[in-house]
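Going by my numbering, 90 is the number at position 90 of the sequence shown; the sequence numbering is gapless.
Please keep in mind that the hints were generated in silico from the structure rather than gathered at the bench. Nothing here was measured: the structure is a model prediction, and the numbers come from that model. Ideal Cβ positions, reconstructed from N, Cα and C, are used throughout, including at glycine. Hints should not be assumed to be uniformly reliable.
[What the hints assert, rightly or not] Beta-carbon label-pair distances, calculated as ranges: (1) E95 to K337: 56 to 62 Å; (2) I99 to Q312: 17 to 23 Å; (3) D214 to S120: 41 to 47 Å.
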Amino acid sequence: MSRKKNTLTIRDVAEACGVSVSTVSRVLNDKDDVATETYEKVRRVIAEMGYTSSLAATSMRSRRTNVIGILVVDLGDPFSLELFKGIGTAIRGTEYDLIVYSGGRVAATAESGWERRHLSRLDGSITDGVLVVTPTTEDLTAISPLVAVDPHEHNTLPAVISANREGAIAVMEYLIGLGHRRIGFITGRQGLVSTSHRQQGYIEALEQAGLPVDPALIQPGDYTRETGFHSAQHLLALADPPTAIFAANDQSALGVIDAASEAGLHIPEDLSVVGFDNIPQAMCSVPGLTTVDQSVSEMGYVATTMLIKLIQGETLDEPLCKIPTRLVIRDSCRSIK
Numbered sequence: 001m002s003r004k005k006n007t008l009t010i011r012d013v014a015e016a017c018g019v020s021v022s023t024v025s026r027v028l029n030d031k032d033d034v035a036t037e038t039y040e041k042v043r044r045v046i047a048e049m050g051y052t053s054s055l056a057a058t059s060m061r062s063r064r065t066n067v068i069g070i071l072v073v074d075l076g077d078p079f080s081l082e083l084f085k086g087i088g089t090a091i092r093g094t095e096y097d098l099i100v101y102s103g104g105r106v107a108a109t110a111e112s113g114w115e116r117r118h119l120s121r122l123d124g125s126i127t128d129g130v131l132v133v134t135p136t137t138e139d140l141t142a143i144s145p146l147v148a149v150d151p152h153e154h155n156t157l158p159a160v161i162s163a164n165r166e167g168a169i170a171v172m173e174y175l176i177g178l179g180h181r182r183i184g185f186i187t188g189r190q191g192l193v194s195t196s197h198r199q200q201g202y203i204e205a206l207e208q209a210g211l212p213v214d215p216a217l218i219q220p221g222d223y224t225r226e227t228g229f230h231s232a233q234h235l236l237a238l239a240d241p242p243t244a245i246f247a248a249n250d251q252s253a254l255g256v257i258d259a260a261s262e263a264g265l266h267i268p269e270d271l272s273v274v275g276f277d278n279i280p281q282a283m284c285s286v287p288g289l290t291t292v293d294q295s296v297s298e299m300g301y302v303a304t305t306m307l308i309k310l311i312q313g314e315t316l317d318e319p320l321c322k323i324p325t326r327l328v329i330r331d332s333c334r335s336i337k
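Work the whole structure out from these sequences, hints included.
Shown next, in the form of structure tokens:
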């Protein structure tokens, strides 16, 4: 008795073709060590058997899977969650599905280039194109289209960024306007465009105001709350501590608030704090966190539409898309004039 089409397995295909399961697997994965005659026979048998529900079979017949891959360091990070909202909006009503690979938070610091491993699995077989979020390396290559969100500093891929430098300048002008002269800065994850551009904006604003750039006020960060906490502790322990701290993202800024609370300081009476991103937690924090809105969900939407255009063979008008930012003033800062 023959099996129903929806219960077909790779073994059924192998038996029908008179080849091994491993040979069928290699054809499914587009390996180049299968004889052309065998490759075509396997493809033909899969189509004849009606293995249309198989992602790999669809890919072999049309060279398309209608799947977009996403490589992201941390699935639970609020930035990623906001990004997924925009990605979901972009694919709604289209023929595309999503597959997400996470490198785990350790990948951001201990294993630069983890994306290459996953790309080798996705590229040209499972997905038609891949979104790479905050990549840890600049030398990513693939057969299918790639688009980066918050790319590496030496990026060569089509990418979506926010107006990081302009947003940082807006923060600094606001704090300086409130009378702050010693302003601490906690950087982002090293290697990213957002990190270098936000620090650039911090320095430029100080210089434009005629204020010194004190290296002791610049502490390393990695966009996590934990590191924001420890960097803030270091800043608050200075002999002449800052009266305000600008953290390169909201998670780090929430870590600053934690450190201030542990030190017995009140926000904003004793310390003003500003973040960057405008994730939902920024509005819900106590006090509400002043931050820079970089329209994270819009970044996800734009990056996905760019990738779909590339998959469909279209040319991008601009390979680098910059999303505007705006300062969102809440209750975490005060004037000290």
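We went through each hint and held it up to the structure:
1. E95 to K337: 56 to 62 Å: holds, 58 Å
2. I99 to Q312: 17 to 23 Å: Given range 17 to 23 Å: holds, Cβ gap about 19 Å.
3. D214 to S120: 41 to 47 Å: holds, 45 Å
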